[in-house]
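> Use these hints to put chain P onto chain U, whose structure you have.
In order, the protein sequence lines correspond to chains U and P. If you use numbering that gives the first Met the number 0, the first sequence closes out at 220, no skipped numbers anywhere. If you use numbering that gives the first Met the number 0, the second sequence closes out at 75, no skipped numbers anywhere.
No lab work stands behind these hints, which were simulated from the structure alone. Being a predicted model, the structure only gives us computed values, none of them experimental. Hints are not guaranteed to be accurate.
Unchecked claim - Using 25 Å as the maximum straight-line C-alpha spacing, the simulated DMTMM-like pairs for lysine to aspartate or glutamate come out as follows:
(1) K60/P to E35/U
(2) K9/P to D47/P
(3) K9/P to E158/U
(4) K27/U to E37/U
(5) K60/P to D14/P
(6) K39/P to D109/U
(7) K9/P to D15/U
(8) K39/P to D15/U
(9) K60/P to D144/U
(10) K18/P to D47/P
(11) K1/P to E73/P
(12) K60/P to D150/U
(13) K9/P to D144/U
(14) K18/P to D150/U
(15) K60/P to D109/U
(16) K9/P to D150/U
(17) K9/P to E34/P
(18) K39/P to E68/P
(19) K9/P to E37/U
(20) K39/P to E217/U
(21) K39/P to D55/P
(22) K1/P to D14/P
(23) K18/P to E106/U
(24) K39/P to D144/U
(25) K1/U to D15/U
(26) K9/P to D55/U
(27) K18/P to D144/U
(28) K27/U to E217/U
(29) K18/P to D51/P
(30) K1/P to D47/P
(31) K18/P to E37/U
(32) K60/P to D55/U
(33) K39/P to E21/P
(34) K27/U to D15/U
Stated by the list, open to error - To be clear about the criterion: a stretch of chain U counts as covered by chain P if any three or more of its residues have a C-beta under 8 Å from a C-beta of chain P, and this derived list gives those stretches:
(35) 54-61
(36) 102-108
(37) 142-151
For every residue, glycine included, the Cβ atom is placed at its ideal position computed from N, Cα and C.
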Amino acid sequence: MKSAVIVFPGSNCDRDLAVAIESVTGTKPDMVWHGETELPQGVGLIAVPGGFSYGDYLRCGAIAARSPIVRAVVNAAGRGTPVIGICNGFQILTETGLLPGALMRNEGLDFVCRDVELTVENSQSIFTSRYAAGETITIPVAHHDGNYFADAQTLDQLEGEGRIAFRYAGAVNGSARSIAGIVNAGGNVLGMMPHPERKIEAAHGGSDGRRLFEGLLEAVA
Amino acid sequence: MKLRIVVTLKNGVLDPQGKAIEHALGSLGFSGVGEARVGKLIEVDVADGTSDADIDAMCQKLLANTVIENYRVEKQ
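Okay, chain U solo, but in the shape it has when bound (with noise of 0.2 Å):
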């Protein structure tokens, strides 16, 4: 499977993610630099990592969501093709509007940096296929600004619809409803604050982040 990688000024995660997809996919993405206008023909998953792009002037994500590669990644994900934001990534799609909310500074004004357990909720999605609806995994997060936030009727309409992808189990940042990941209303773009790149291999301390990469897989090839 043909991939890219997007890389801004302050990614910081787009090394391990790529190392990530290729021990999965078997195939080294392409790293896409923020300054090109198209990306490469017949990518068949946008992984936007996590980092500091643009060392989070004015808001997480915000400069980076008004560069021109994510143009290009907006009209992709319009096409269908699927994309994870991870972290700063899931940051950068709020802000580009591919995802609803925002990701504000955590509750307890601390920078979080700890395995933490997750539930999945729904494993109906091309991205936790691999998972059991209900089951606990443990991911580890790293963040300063992850406490999604969105209005009661949006997040009513993210559980009504099923795509809350994934929770908290426990208290971390203050997320509405306890959100750590949520999907599109096309359910081809995920945005998660949780690093599944780090939990790939036993060397990492566990591979619970391994089967999202492998599911994504099998839904794309």
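Chain P in isolation, oriented as in the chain U frame:
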């Protein structure tokens, strides 16, 4: 023309930084401190005659995230 754009969190959006400021003012001994909210002030130089529609578009497309923020433009 210089614009001063004041970006504030919408009512109902929790503001952890504002809460921390409230507590800090309280612990400094100031009594009667109510709610504190943190916003941003952005100053932008634009060409004279820039239309209100363009200024509004700048705010909506980039300077404020209207999911969580309101903005107010002052021209100087």
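> Each hint should be assessed against the structure and marked as holding or not.
Results for each hint:
| no. | hint | result |
| --- | --- | --- |
| 1 | K60/P to E35/U | 21 Å, holds |
| 2 | K9/P to D47/P | 30 Å, violated |
| 3 | K9/P to E158/U | 23 Å, holds |
| 4 | K27/U to E37/U | 18 Å, holds |
| 5 | K60/P to D14/P | 22 Å, holds |
| 6 | K39/P to D109/U | 21 Å, holds |
| 7 | K9/P to D15/U | 36 Å, violated |
| 8 | K39/P to D15/U | 34 Å, violated |
| 9 | K60/P to D144/U | 21 Å, holds |
| 10 | K18/P to D47/P | 39 Å, violated |
| 11 | K1/P to E73/P | 9 Å, holds |
| 12 | K60/P to D150/U | 20 Å, holds |
| 13 | K9/P to D144/U | 17 Å, holds |
| 14 | K18/P to D150/U | 20 Å, holds |
| 15 | K60/P to D109/U | 29 Å, violated |
| 16 | K9/P to D150/U | 11 Å, holds |
| 17 | K9/P to E34/P | 14 Å, holds |
| 18 | K39/P to E68/P | 10 Å, holds |
| 19 | K9/P to E37/U | 36 Å, violated |
| 20 | K39/P to E217/U | 45 Å, violated |
| 21 | K39/P to D55/P | 16 Å, holds |
| 22 | K1/P to D14/P | 29 Å, violated |
| 23 | K18/P to E106/U | 10 Å, holds |
| 24 | K39/P to D144/U | 17 Å, holds |
| 25 | K1/U to D15/U | 17 Å, holds |
| 26 | K9/P to D55/U | 21 Å, holds |
| 27 | K18/P to D144/U | 16 Å, holds |
| 28 | K27/U to E217/U | 17 Å, holds |
| 29 | K18/P to D51/P | 34 Å, violated |
| 30 | K1/P to D47/P | 9 Å, holds |
| 31 | K18/P to E37/U | 43 Å, violated |
| 32 | K60/P to D55/U | 17 Å, holds |
| 33 | K39/P to E21/P | 17 Å, holds |
| 34 | K27/U to D15/U | 12 Å, holds |
| 35 | 54-61 | holds (count 3) |
| 36 | 102-108 | holds (count 6) |
| 37 | 142-151 | holds (count 4) |
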